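Add chain W to chain L, keeping to what the hints say.
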Amino acid sequence: MFDSLSDRLGATLDGLRGKGRLSEDDINKAMREIRLALLEADVNFGVVKDFVARVKERAMGSDVLDSLTPGQQVVKIVHEELTELMGQAGTKLSMSNRPPTVILMAGLQGSGKTTAAGKLARLLAKQKRKPAMVAADIYRPAAIQQLQTLGKSLQVPVFERGTADPVETAAWGIEQAKAQGRDVVIVDTAGRLTIDQELMDELVRMKAAVKPHNVLLVLDSMTGQDAVATAQAFADAVDYDGVILTKLDGDARGGAALAVRAVTGKPIKFVSVGEKLDQLEEFHPDRMASRILGMGDVMSLIERAQDEFDEQQAADLEAKIRKAEFNLDDMLEQLRMVRKMAGGGGLTSLLGMVPGIGRQIKNMPKVDERQIDRVEAIILSMTPAERRNPKLLDGSRRRRIAGGSGTNVQTVNQLLSQFRQMQKMMKQMGKSGKVPQFPGLPRR
Amino acid sequence: MSPMSRSWQQMFNTGDGAQPPADETPEERGGLFRRMRDSLSKSRRAMSQQLQAVVFNPADPEVWERLEEALIAADCGVPATVEVIERLEAAADAGGLLTADDLRARLAEIVAELMAPQGDPRIDVSHRPAVVLVTGVNGTGKTTSIGKIAYHLREAGLSSVIGAADTFRAAAGEQLETWATRAGADFVSSQSGADPAAVAYDAVGAAQARGRDVVIVDTAGRLHTQDHLMEELRKIHRVIGQRLEGAPHEVLLTIDATTGQNGLQQARLFSQAVDVSGIVLTKLDGTAKGGIALAIAHELAIPVKLVGMGEGIEDLQPFDPLDFGRALFDGAADGTG
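Chains L and W, in that order, are what the protein sequence lines are.
The first sequence runs 25 to 468 under the working numbering.
The second sequence runs 10 to 346 under the working numbering.
Among the clues, some could well be false.
[Stated by the list, open to error] Now the stretches of chain L that chain W is said to cover, found in silico as 3 or more residues with beta-carbon under 8 Å:
#1 101-111
#2 128-136
#3 160-167
#4 210-219
#5 273-283
#6 402-416
[Claimed, not checked] Below, computed lysine to any residue pairings styled on SDA-like, alpha-carbon distance capped at 25 Å:
#7 L/K154 <-> L/P181
#8 W/K244 <-> L/T431
#9 L/K80 <-> W/E77
#10 L/K73 <-> W/A207
#11 L/K53 <-> W/A68
#12 L/K73 <-> W/L97
#13 L/K73 <-> W/I94
#14 W/K244 <-> L/G298
#15 L/K300 <-> W/I94
#16 L/K300 <-> W/V91
#17 L/K80 <-> W/V87
#18 L/K300 <-> W/V72
#19 L/K53 <-> W/V72
#20 L/K53 <-> W/E74
#21 L/K73 <-> W/E98
#22 W/K244 <-> L/R398
#23 L/K73 <-> W/E74
#24 W/K244 <-> L/Q395
#25 L/K154 <-> L/L109
#26 L/K53 <-> W/E71
#27 L/K73 <-> W/A203
Since the hints were derived computationally from the structure, they do not count as laboratory data.
All values reported here derive from a predicted model rather than from experimental measurement.
Every residue, glycine too, gets a C-beta built ideally from N, C-alpha and C.
With the rest of the complex left out, here is chain L (with noise of 0.2 Å):
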């Protein structure tokens, strides 16, 4: 498994520091390390040369080794580059000023089109629009149920003819939304390879009868090097206005996205992190340029404790380590927090967003969740009292507690002995006016 570029750019040029100005041959070794990570990435072969170069004339041109980590210098190079090739965050769909927009989706078998219509539907239902979705993919079993399934969780009409003509039944399903007053209709299509010229064709079809006001490729960001084929050829067939990038709750790099921007400047509009269906989100592209080189995602974490973590908790948990008032109700309370950030994806998940620990982390022990199942019925098997005021914990509760979690007493009294190392800590914080960052406070 490799490391991160920071850290494989660190190894190769932190110890140059002072030098002066590279060596033909320091920069070539860094650009090596920049190559495989991209490659690593999935990014396409092509895109990488080119990218390389580039970074190559500005690394070499910058004051790289007056600095105190030029290996960093050079991450930082690499990750601007990134960034600007990526693109801009949160282009809008555009909304026709003559209801119903329509949105055509298109994409390769497996992509996760009739999902991430769905997210789109509820997206725009959140945004006080009235999406309706249209069933035009005939050939897969079960699609038009999929998406009935979908339409029914979410409220919003799903029109479908069975195997009908799917050019001619996109086109009847918009009229059907029309007249039920519905503002937005996304139509859902097969997935189809871009070699199967017969459903490329259909593809053209049925843009030439829909009008659609968006088409949006769906591409997995899982895909190799294969997704400038793809990206090229759907681009060819319908020139689509931007792409809904899925299946980013996983832990590929998604160099993917980097092919799409390079070979046909369509913009990424969504991203699709998880399987329910409020998982679909704007794009980010410094947050996308940090995932392909392997960098953590600091702000989709501070996103996602956020949402978790509400204002009044905090600073009520704030108040409480001012005044050294941290107690057993709080430890619980940080834990059950710490699990609701990680959620579906687990604590491993969460860590690895953290930089510096992203990839080493793969190798590492699995977080063990039991512990934390064990330390919550440890501390619910308490009375409000003790949990509060832990000092009243003898031998004989701290026995009726072992009991009562199915625990024993040792692994009682470790906890005990960790919330008091935690309070210790929360004190001397709580003097220094400053609060910890984690486990499950963020700041803002």
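Chain W only, in chain L's frame:
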């Protein structure tokens, strides 16, 4: 090199004592080879034209660079690419590579060597019932592959039960049932949101009660990074073992041929969870080259057992390393593709 599977008749280890098949004559496998080469070479024209300009000369660094690019462009990844190039360089140093034909032949052999399955390349259906668990990331073609495997089982005279343990995705059961009907297999499911391990358990029980030969268990697509879903998969595996000792006998992981280097991580983590016995490399009929399978074989020694070449029920084929090696490069070295 270990023996390779070439036809469906030989793909199933039915426990009749037959050994894995020896090499067939080129005529016998012409059909699949041609098909695979056709689809693999479609996207390779641009690359071939580039390479055509270069007359093969082992002393020319550009030749090596082009070869390296061809491997990277096929998603073979850096370590496997380095390995192939080093072996090829050794062959060139030994004076064995004089023409573009030599180069092409040797390249295919090297890829085949790296991909040659460790152990039996067949699918083990020698138990009664034999249980095959199929898993993979969302959208990689699990359900479609299962339908096709069931069809080929029936062609081989084996009856099967398909267990729909994907209780998560909307309408996954319906999709699978359609395939089961087409393949003439029994279908065991439960309502959406049910415990998938319970469905797997029932499916094995149904096969035992009805005397069916093989149980194929479909599972919900899951990202290998979702700990709770990987835990669920372990549970399905465990529960199958509780119902029938020694089961599942095969654990197949579907990998989409368009997948990049993340495929390695998929194979690694799924193997850690349920000890994958073989890969089904799907969607090879597109422009993607499926080189990630080489990276997986090279780093994790998990064999590819089947390849998916299209939508049709007969478009799932036994994997052949040498064909794969040839198809991966055919045309890349001399521009004839």
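Checking each numbered hint in turn, tell me which of them this model violates, lowest number first.
The structure conflicts with hints 1, 6, 10, 15, 16, 18, 25 and 27, although it agrees with all the remaining ones.
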